[in-house]
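Undergrad: Sequence:
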Amino acid sequence: MPPQNQKKEPSGCGCASIPFSVILLFLGGGYFLFTQREHLLSRVIPANSRENIASQISRFIPENLQAKIPFLNASDSADAEEISKNLPQATPTPEPTPQQPRLPAAPISNPSPPTPTAEIKPPATLPKNPPTPSTPKSPWEKKAIRGIYFSRYQVTNNATEETIRARVRYYRDRGINTLIHGVWGNACTMYKSAVMQAKFGYESCPNEFEDKWLDWLIDEAHKHDMEVHAYFEKGIKIDENSPAFDLAVQRGWIVPGVDRTHPGVDHYVLNVGIPEVAEFFTNILVEFVTKYPKIDAVQWDDYLGYHAELPGQVDRTLELTKFVKKAISATKAANPTVSFDICHHNPYWAKRYFAADWENWGVDRVFIQVYADENFAEELPYVEAYDGISITERQFNRLEELVMNPKVDNILLFPLSGNPEKMADEVKRLTAKIK
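If you're matching positions, the sequence shown starts at 2 in the working numbering and goes up one per residue.
No lab work stands behind these hints, which were simulated from the structure alone. All values reported here derive from a predicted model rather than from experimental measurement. The beta carbon of each residue, even a glycine, is placed where N, CA and C say it ideally should be. Mixed in with the good hints there might be a few duds.
[What the hints assert, rightly or not] Simulated pairs of lysine-lysine, DSSO-like, Cα-Cα distance not exceeding 27 Å:
hint: 1; residue 1: K326; residue 2: K193
hint: 2; residue 1: K352; residue 2: K327
hint: 3; residue 1: K213; residue 2: K292
hint: 4; residue 1: K224; residue 2: K143
hint: 5; residue 1: K327; residue 2: K224
hint: 6; residue 1: K224; residue 2: K326
hint: 7; residue 1: K436; residue 2: K423
hint: 8; residue 1: K138; residue 2: K323
hint: 9; residue 1: K143; residue 2: K193
hint: 10; residue 1: K408; residue 2: K434
hint: 11; residue 1: K193; residue 2: K327
hint: 12; residue 1: K352; residue 2: K224
hint: 13; residue 1: K423; residue 2: K138
hint: 14; residue 1: K213; residue 2: K224
hint: 15; residue 1: K352; residue 2: K200
hint: 16; residue 1: K352; residue 2: K333
hint: 17; residue 1: K295; residue 2: K213
hint: 18; residue 1: K224; residue 2: K200
hint: 19; residue 1: K295; residue 2: K193
hint: 20; residue 1: K292; residue 2: K333
hint: 21; residue 1: K333; residue 2: K193
hint: 22; residue 1: K423; residue 2: K434
hint: 23; residue 1: K333; residue 2: K323
hint: 24; residue 1: K143; residue 2: K436
hint: 25; residue 1: K138; residue 2: K408
hint: 26; residue 1: K193; residue 2: K224
hint: 27; residue 1: K292; residue 2: K224
hint: 28; residue 1: K327; residue 2: K200
hint: 29; residue 1: K423; residue 2: K143
hint: 30; residue 1: K408; residue 2: K429
hint: 31; residue 1: K333; residue 2: K200
hint: 32; residue 1: K436; residue 2: K408
hint: 33; residue 1: K323; residue 2: K292
hint: 34; residue 1: K434; residue 2: K143
hint: 35; residue 1: K143; residue 2: K408
hint: 36; residue 1: K292; residue 2: K326
hint: 37; residue 1: K323; residue 2: K352
[Stated by the list, open to error] Restraint ranges, calculated between C-beta atoms of paired labels, are given here:
hint: 38; residue 1: A331; residue 2: E394; range: 31 to 39 Å
hint: 39; residue 1: D247; residue 2: H223; range: 36 to 44 Å
hint: 40; residue 1: I435; residue 2: E241; range: 41 to 49 Å
Produce the complete structure using the sequences and hints provided.
TA: Written as structure tokens, this is what we have:
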């Protein structure tokens with residue numbers, strides 16, 4: 002027989018003897034787990050079991066209390082969301098500032114160069130002399146470089162001296178002060194080249210270009226305080242239409258694989274890790290800045306790079322850096338006044354996806370390509386940190402924002418339509434509204 006003073010053990014679950022404060026603590030904890038289910042339960046409970054949590058918990062709670070517990074009565078995600086809105090908001094813990102902006106998985110590739118357009122016919126009344134400014138400069142006119150790209154021959158091809166000079170004034174009167182003119186593309190020069198002749202047996206791309214055409218362009222531009230930059234389209238990439246393609250294949254100049262960063266065009270990349278290839282490009286640069294000593298700058302774009310998806314996963318970052326540094330040094334030795342510029346992806350994308358560690362190349366100016374609106378906000382800090390931006394017609398909705406941003410020093414315009422004169426007309430119309 003048990004001692005008289007021994008307490009009798011209660012029968013059942015014992016819920017009635019539990020203090021009400023403990024019950025509230027239990028319910029509050031369950032409530033918290035429900036609201037934080039995405040962060041806590043997903044770590045320990047399989048996805049196919051989470052939907053039954055409320056029913057399992059309700060087995061241990063008296064029916065007269067279940068109706069008072071919101072999360073046990075949330076019939077769907079909408080109800081649960083409504084409940085979570087009424088919870089007290091905790092003070093968030095600040096996250097450390099990331100070193101890189103949040104970026105999409107892959108960069109937006111450079112649009113293909115525009116195809117040559119029909120000859121521009123400037124208005125007959127186009128003024129021959131620069132107008133005398135009668136008002137202070139507009140925000141657009143305060144940008145140091147207001148440049149527009151021309152594929153090879155778009156300004157100079159098969160043109161008289163009068164036509165070329167009139168075209169320069171045509172763009173000047175539309176607020177453009179820098180002409181970025183193609184002089185190279187698909188592994189051949191626009192102009193007659195002794196380097197091309199010695200290496201491949203022909204002096205240029207098939208065309209009717211006369212060397213003096215570019216001289217007239219530069220001369221007229223300088224008369225109006227404009228600049229001409231030589232645009233090396235496609236950089237170190239070629240396609241099967243290049244007159245150098247077969248010889249490049251025979252000589253083993255092309256890295257394995259096809260570069261498809263631009264949809265619809267199969268590009269092949271010349272290997273500047275081969276001394277003969279590196280020397281060829283360097284000699285082309287030296288020849289050009291010597292042949293046209295008054296050129297203001299040379300510019301390369303994101304086609305100066307190796308796409309990360311090429312077969313073999315070979316890291317060519319160091320050999321590309323070595324090549325560019327030597328090319329810049331040789332160019333400057335031949336013409337100390339010329340600026341060596343690039344228009345490329347931001348430094349994170351360039352190095353990660355194209356082996357282009359351009360922050361260590363020693364270039365003079367860097368313009369960031371922003372050819373898609375969806376990542377504009379992430380790209381803008383890079384634009385502000387470096388020398389400016391290159392946009393297409395698709396970013397005209399951002400033009401006023403860029404013009405009014407004092408941290409954006411220079412704006413380059415890439416006519417994706419292949420129609421630079423139409424683009425220049427639209428830019429004039431848009432910028433005239435910006436006060």
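Undergrad: Determine for every hint whether it applies to the structure shown.
TA: Hint-by-hint comparison with the structure:
1. K326 / K193: Distance of about 26 Å is within 27 Å: holds.
2. K352 / K327: holds (19 Å)
3. K213 / K292: Roughly 11 Å between the alpha carbons, so the hint for K213 and K292 holds.
4. K224 / K143: With Cα atoms ~19 Å apart, K224 and K143 stay inside 27 Å; holds.
5. K327 / K224: Since the Cα atoms of K327 and K224 sit roughly 33 Å apart, the hinted pair is violated (cutoff 27 Å).
6. K224 / K326: violated (33 Å)
7. K436 / K423: holds (23 Å)
8. K138 / K323: Judged against 27 Å, a Cα distance of about 42 Å means the pair is violated.
9. K143 / K193: violated (37 Å)
10. K408 / K434: holds (20 Å)
11. K193 / K327: The given pair, whose Cα atoms are some 24 Å apart, holds under the 27 Å limit.
12. K352 / K224: violated (39 Å)
13. K423 / K138: holds (23 Å)
14. K213 / K224: Distance of about 17 Å is within 27 Å: holds.
15. K352 / K200: violated (31 Å)
16. K352 / K333: Since the Cα atoms of K352 and K333 sit roughly 25 Å apart, the hinted pair holds (cutoff 27 Å).
17. K295 / K213: holds (13 Å)
18. K224 / K200: violated (36 Å)
19. K295 / K193: holds (17 Å)
20. K292 / K333: holds (14 Å)
21. K333 / K193: holds (22 Å)
22. K423 / K434: OK: K423 and K434 at ~18 Å, within 27 Å.
23. K333 / K323: holds (16 Å)
24. K143 / K436: Holds, at roughly 12 Å.
25. K138 / K408: Distance of about 17 Å is within 27 Å: holds.
26. K193 / K224: Roughly 26 Å separates the two Cα atoms, so the pair holds.
27. K292 / K224: The hint holds at about 20 Å.
28. K327 / K200: Roughly 20 Å between the alpha carbons, so the hint for K327 and K200 holds.
29. K423 / K143: holds (22 Å)
30. K408 / K429: holds (21 Å)
31. K333 / K200: holds (23 Å)
32. K436 / K408: Holds, at about 17 Å.
33. K323 / K292: Judged against 27 Å, a Cα distance of about 25 Å means the pair holds.
34. K434 / K143: Holds - the C-alpha atoms of K143 and K434 are around 15 Å apart, at most 27 Å.
35. K143 / K408: Holds. K143 to K408 sits at ~12 Å (cutoff 27 Å).
36. K292 / K326: holds (21 Å)
37. K323 / K352: Distance of about 14 Å is within 27 Å: holds.
38. A331 / E394: 31 to 39 Å: holds (36 Å)
39. D247 / H223: 36 to 44 Å: Given about 40 Å between the Cβ atoms, the range holds.
40. I435 / E241: 41 to 49 Å: holds (44 Å)
The structure does not agree with the numbered hints 5, 6, 8, 9, 12, 15 and 18 stated previously, though it agrees with the rest.
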